[in-house]
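K.L.:
Sequence:
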Amino acid sequence: MNLRNSAVNSPLFQHLHKCVETIKGVDHIVCNSFPKLESPFLELISGVVPIGPLVSANHSKHQPSSFWQEDWSCLDWLDQWPAGSVIYVSLGSMTILNQRKLKS
Numbered sequence: 001m002n003l004r005n006s007a008v009n010s011p012l013f014q015h016l017h018k019c020v021e022t023i024k025g026v027d028h029i030v031c032n033s034f035p036k037l038e039s040p041f042l043e044l045i046s047g048v049v050p051i052g053p054l055v056s057a058n059h060s061k062h063q064p065s066s067f068w069q070e071d072w073s074c075l076d077w078l079d080q081w082p083a084g085s086v087i088y089v090s091l092g093s094m095t096i097l098n099q100r101k102l103k104s
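Sequential numbering of the sequence shown, starting at 1, is according to my numbering.
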């Protein structure tokens with residue numbers, strides 16, 4: 001198996017590559033962040049406009065947020081523990097927006 005070719009052909013790599021190509025030549029990039037959280041990184045890229053943190057107001061509808069198939073097996077593990085005894089840490093996330101959501 002050629003790992004380099006498999007990585008280049010992955011959906012995540014293809015999406016990120018398309019994003020990088022799309023933002024070349026733009027004046028500004030709006031991102032869901034804020035300076036106190038990521039100022040060293042925000043300063044590395046000129047034209048970044050942090051406007052966050054933003055939270056979706058639509059909690060009633062499930063929206064996929066991954067390129068990978070969802071794996072709910074962690075819920076079986078989680079059910080083994082008493083309520084309030086597990087800490088969830090998210091080290092980042094990404095989602096794909098359709099044209100309508102992007103415009104709104």
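Wrong hints could be hidden among the right ones.
To be verified - Derived Cβ-Cβ restraints for the label pairs, each shown as a range:
| # | residue 1 | residue 2 | range |
| --- | --- | --- | --- |
| 1 | E43 | P82 | 23 to 29 Å |
| 2 | I51 | P82 | 36 to 42 Å |
| 3 | Y88 | L37 | 16 to 22 Å |
Simulated from the structure, these hints should not be mistaken for lab results. Source: prediction; values computed, not measured. A virtual CB, placed ideally from N, CA and C, is assigned to each residue, including glycine.
K.L.:
Check the following: the C-beta atoms of E43 and P82 are separated by a distance inside 23 to 29 Å.
P.N.:
43 Å, violated
K.L.:
Does the Cβ distance between I51 and P82 fall inside 36 to 42 Å?
P.N.:
38 Å Cβ-Cβ, so the 36 to 42 Å window holds.
K.L.:
A range of 16 to 22 Å was offered for this pair. Does it hold for the Cβ distance of Y88 and L37?
P.N.:
18 Å, holds
When each numbered hint is compared with the structure, a violation occurs for hint 1 only.
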